[in-house]
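With the hints as your guide, set chain R onto chain U.
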Amino acid sequence: MKKMVYLKSVKKFAVAVLSVAMISQLLACAAPVTKRPAMSREEVAREANHQQEILKRKAMVPEDASDSD
Amino acid sequence: MCNFILHLVIIKKSQKLSFGFLVLFLAVVQTTGWALPLKSDNPRKPAIRDQQKISIKVAKRKLPAIYSPLIYAAQAVCPKGDCNYPLITLENDLDINAYSDGDKIYITGGMLSFAQKREELALILAHEIAHNIMNHITSKQKNALFGLIFDLAAVAGGVDTQGVFAQLGSNAYTQEFEFEADYIGLYIMARAGFSVNNAAYFWRRMALKFPDNIHNHVMVSHPGSSERFLLIEKTAEEINRKKARHQPLVPEFIKKN
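Quick note, the sequences are listed as chains U and R, same order.
For what it's worth, the numbering used here labels the leading residue of the first sequence as 1, then goes sequentially.
For what it's worth, the numbering used here labels the leading residue of the second sequence as 1, then goes sequentially.
Same shape as in the complex, but just chain U (with noise of 0.2 Å):
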C-alpha cells in the first residue's frame, strides 16, 4: 500500500517536471532571438514628451503647413 502511494507521488512529480519542461520548450521557441540596443526607460519618456512637443507645435500651425519636423 505504502509502495503504491509512493510510486504515485513520484509519477506526479515526473509529470509536473515534465510539464515544466514543456512549458519552458514551448515559451523559448517563441521568443525573440536578437540582442537589440538598450533603452531606459528615462529615454522612452524624453523621446514621448518630444513627440507630444511636436504634436503640439503642429496643432499650432496651420492645416497646409509643412509635415516635417
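Simulated from the structure, these hints should not be mistaken for lab results.
Do not rely on the hints blindly, as some may be mistaken.
[To be verified] Keeping only pairs whose Cα atoms sit at most 27 Å apart, straight-line, the calculated DSS-like set for lysine-lysine is:
{"id": "1", "chain 1": "R", "residue 1": "234", "chain 2": "U", "residue 2": "58"}
{"id": "2", "chain 1": "U", "residue 1": "56", "chain 2": "R", "residue 2": "117"}
{"id": "3", "chain 1": "R", "residue 1": "117", "chain 2": "R", "residue 2": "242"}
{"id": "4", "chain 1": "R", "residue 1": "242", "chain 2": "R", "residue 2": "80"}
{"id": "5", "chain 1": "R", "residue 1": "209", "chain 2": "R", "residue 2": "53"}
{"id": "6", "chain 1": "R", "residue 1": "80", "chain 2": "U", "residue 2": "35"}
{"id": "7", "chain 1": "R", "residue 1": "117", "chain 2": "R", "residue 2": "209"}
{"id": "8", "chain 1": "R", "residue 1": "243", "chain 2": "R", "residue 2": "80"}
{"id": "9", "chain 1": "R", "residue 1": "104", "chain 2": "R", "residue 2": "80"}
{"id": "10", "chain 1": "R", "residue 1": "53", "chain 2": "U", "residue 2": "58"}
{"id": "11", "chain 1": "U", "residue 1": "35", "chain 2": "R", "residue 2": "104"}
{"id": "12", "chain 1": "R", "residue 1": "242", "chain 2": "R", "residue 2": "255"}
{"id": "13", "chain 1": "U", "residue 1": "35", "chain 2": "R", "residue 2": "242"}
{"id": "14", "chain 1": "U", "residue 1": "35", "chain 2": "R", "residue 2": "243"}
{"id": "15", "chain 1": "R", "residue 1": "60", "chain 2": "R", "residue 2": "209"}
{"id": "16", "chain 1": "R", "residue 1": "53", "chain 2": "R", "residue 2": "104"}
{"id": "17", "chain 1": "R", "residue 1": "62", "chain 2": "R", "residue 2": "104"}
{"id": "18", "chain 1": "U", "residue 1": "35", "chain 2": "R", "residue 2": "255"}
{"id": "19", "chain 1": "U", "residue 1": "56", "chain 2": "R", "residue 2": "209"}
{"id": "20", "chain 1": "U", "residue 1": "58", "chain 2": "R", "residue 2": "209"}
{"id": "21", "chain 1": "U", "residue 1": "2", "chain 2": "U", "residue 2": "12"}
{"id": "22", "chain 1": "R", "residue 1": "117", "chain 2": "R", "residue 2": "104"}
{"id": "23", "chain 1": "R", "residue 1": "117", "chain 2": "R", "residue 2": "53"}
{"id": "24", "chain 1": "R", "residue 1": "117", "chain 2": "R", "residue 2": "243"}
{"id": "25", "chain 1": "R", "residue 1": "60", "chain 2": "R", "residue 2": "117"}
{"id": "26", "chain 1": "R", "residue 1": "209", "chain 2": "R", "residue 2": "62"}
{"id": "27", "chain 1": "R", "residue 1": "234", "chain 2": "U", "residue 2": "35"}
{"id": "28", "chain 1": "U", "residue 1": "58", "chain 2": "R", "residue 2": "117"}
{"id": "29", "chain 1": "R", "residue 1": "104", "chain 2": "R", "residue 2": "57"}
{"id": "30", "chain 1": "U", "residue 1": "56", "chain 2": "R", "residue 2": "234"}
[As the list claims (entries may be wrong)] Among chain U residues calculated to face chain R with C-beta under 7 Å, some are:
{"id": "31", "residue": "30"}
{"id": "32", "residue": "31"}
{"id": "33", "residue": "32"}
{"id": "34", "residue": "33"}
{"id": "35", "residue": "34"}
{"id": "36", "residue": "35"}
{"id": "37", "residue": "36"}
{"id": "38", "residue": "37"}
{"id": "39", "residue": "39"}
{"id": "40", "residue": "44"}
Think of the CB as a built atom: it goes at the ideal place given N, C-alpha and C, for glycine as much as any other residue.
Frame of chain U; chain R shown alone:
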C-alpha cells in the same frame, strides 16, 4: 525547429476522447503547418482623392527599385537561403499599413502615399521582410497554439475559457517581435545601401498621424512610436559604429549556452 512534446497527464476515462481529438488536432497543425487565423484589421475606407491617387502611383513606380536591393541584401541574413518574398501592393486599401504573412509582403495604398521618401518605404519593407525571415508569424501561431492547449484542457475540465488563453498566447512577445523586425530590418536596409541615419524620423511623423500610439500600451500588439524611434536611432548608431570599424553588418544575436 521546436517540437511539441505531448504527454499524458492523468486523464479520466471520460476525458480521453477529447484529449484524443486534441492530440489529433495538434498533429495535423504540426505536420501541415496549418495557420491559426490571427486577427487582421483592414477595414476598407472610401474615396481616394486625386492627389492621393497620384502619390500612390508615384510611390508604386519607385517600389521595384527600392524592394529589389532589400531582397538581395536580405539573402545574407536569411537562414533558409531563399527569402525572395513577392511584394503585393493593395492600392485601394487606404489604411496606413504594411504586413507580411510569412510568404509575401503587403503594402497598402495608404502607406504608399504616407511614406514620403525612398528611405521611409525601404524602412517599412525591410521591417516586413525581417518579420518573414525571423518566422514571426509561425512563432505567433505557436504561442497561440500553446494557449489553445490550455483552453482545450479547460474545456475538457468543464470550464469555458472562450479562447482567452489562445488570445493571450498569440499576444505573447508581439511587441518584442516588432522590435526585432525593426532591428533586423535596419540592418537589411543598411546592407542594401540605404542611409539609416534619418530612418527613425519616420516614427515622429507616425506620432503626428497617430498621437495615441506615442506611449506604449501593454495589451497592444505594436510598441509605441517613442520606443520605436529610440530603438531605430540606437540601431543606426550600432550600424554606423560597425561601418567605422569595418565590421560585418550583421545583427547581434543572443548567444546560446
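Does the structure break any of the earlier hints, and which numbers would those be? Of the numbered hints, all hold.
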